[in-house]
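Working from the sequences, and respecting the hints, build out all of it.
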Amino acid sequence: MLSADHFRTVILTVTDAPAGAEVRCIVLAEYWPILLFIGVATGLGLVLLALGLLAGPRRPESEKLSPYECGFEAFEDARMRFDVRYYLLAILFIIFDLEIAFLFPWAVVFKSIGLTALIEMALFLLLLVIGFAYVWKKGALEWE
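Position 10 of the sequence shown, counting from 1, maps to 16 under my numbering, and the rest follow consecutively.
Check before you lean on any hint, since a few could be wrong.
Restraint ranges, calculated between C-beta atoms of paired labels, are given here [what the hints assert, rightly or not]:
1) L42 - W142: 50 to 60 Å
2) I101 - L121: 41 to 51 Å
3) A146 - E69: 39 to 49 Å
4) R87 - I44: 38 to 48 Å
Don't read these hints as lab results, they were simulated from the structure.
Ideal placement from N, C-alpha and C gives every residue a C-beta, glycine not left out.
Encoded structure:
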């Protein structure tokens, strides 16, 4: 078994190095807390899973094992095709959600960035409003 001395920093003298220079080789000493944390987390997870398997009730019934979909029996295959409008609406949500992601940092530093940044953000928001109006006019936001 390795002792704690094996995990310490080792100082080597290299013949190619200039006179008096030392080369440090770091062996597992710096990674010991991370390895300990990973070990404890893995052990705790395994212990909790084992406790759940040992102490948990096991009463399989047909109702418990049946697929559940919003309180009623599934009426179609789970691999059915979705309408393209669903994906379009999801993409539009992401676009306008990213708009907010740009607005928050800008608002935090607004006082220090000046009038130029205000004009740039106004143009950015104007382009987004134009895009939103276009999408709305095309009927992409309506769900039939």
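Quiz item: Does the structure break any of the earlier hints, and which numbers would those be?
Solution: Of the numbered hints given earlier, the structure breaks just one, which is hint 2.
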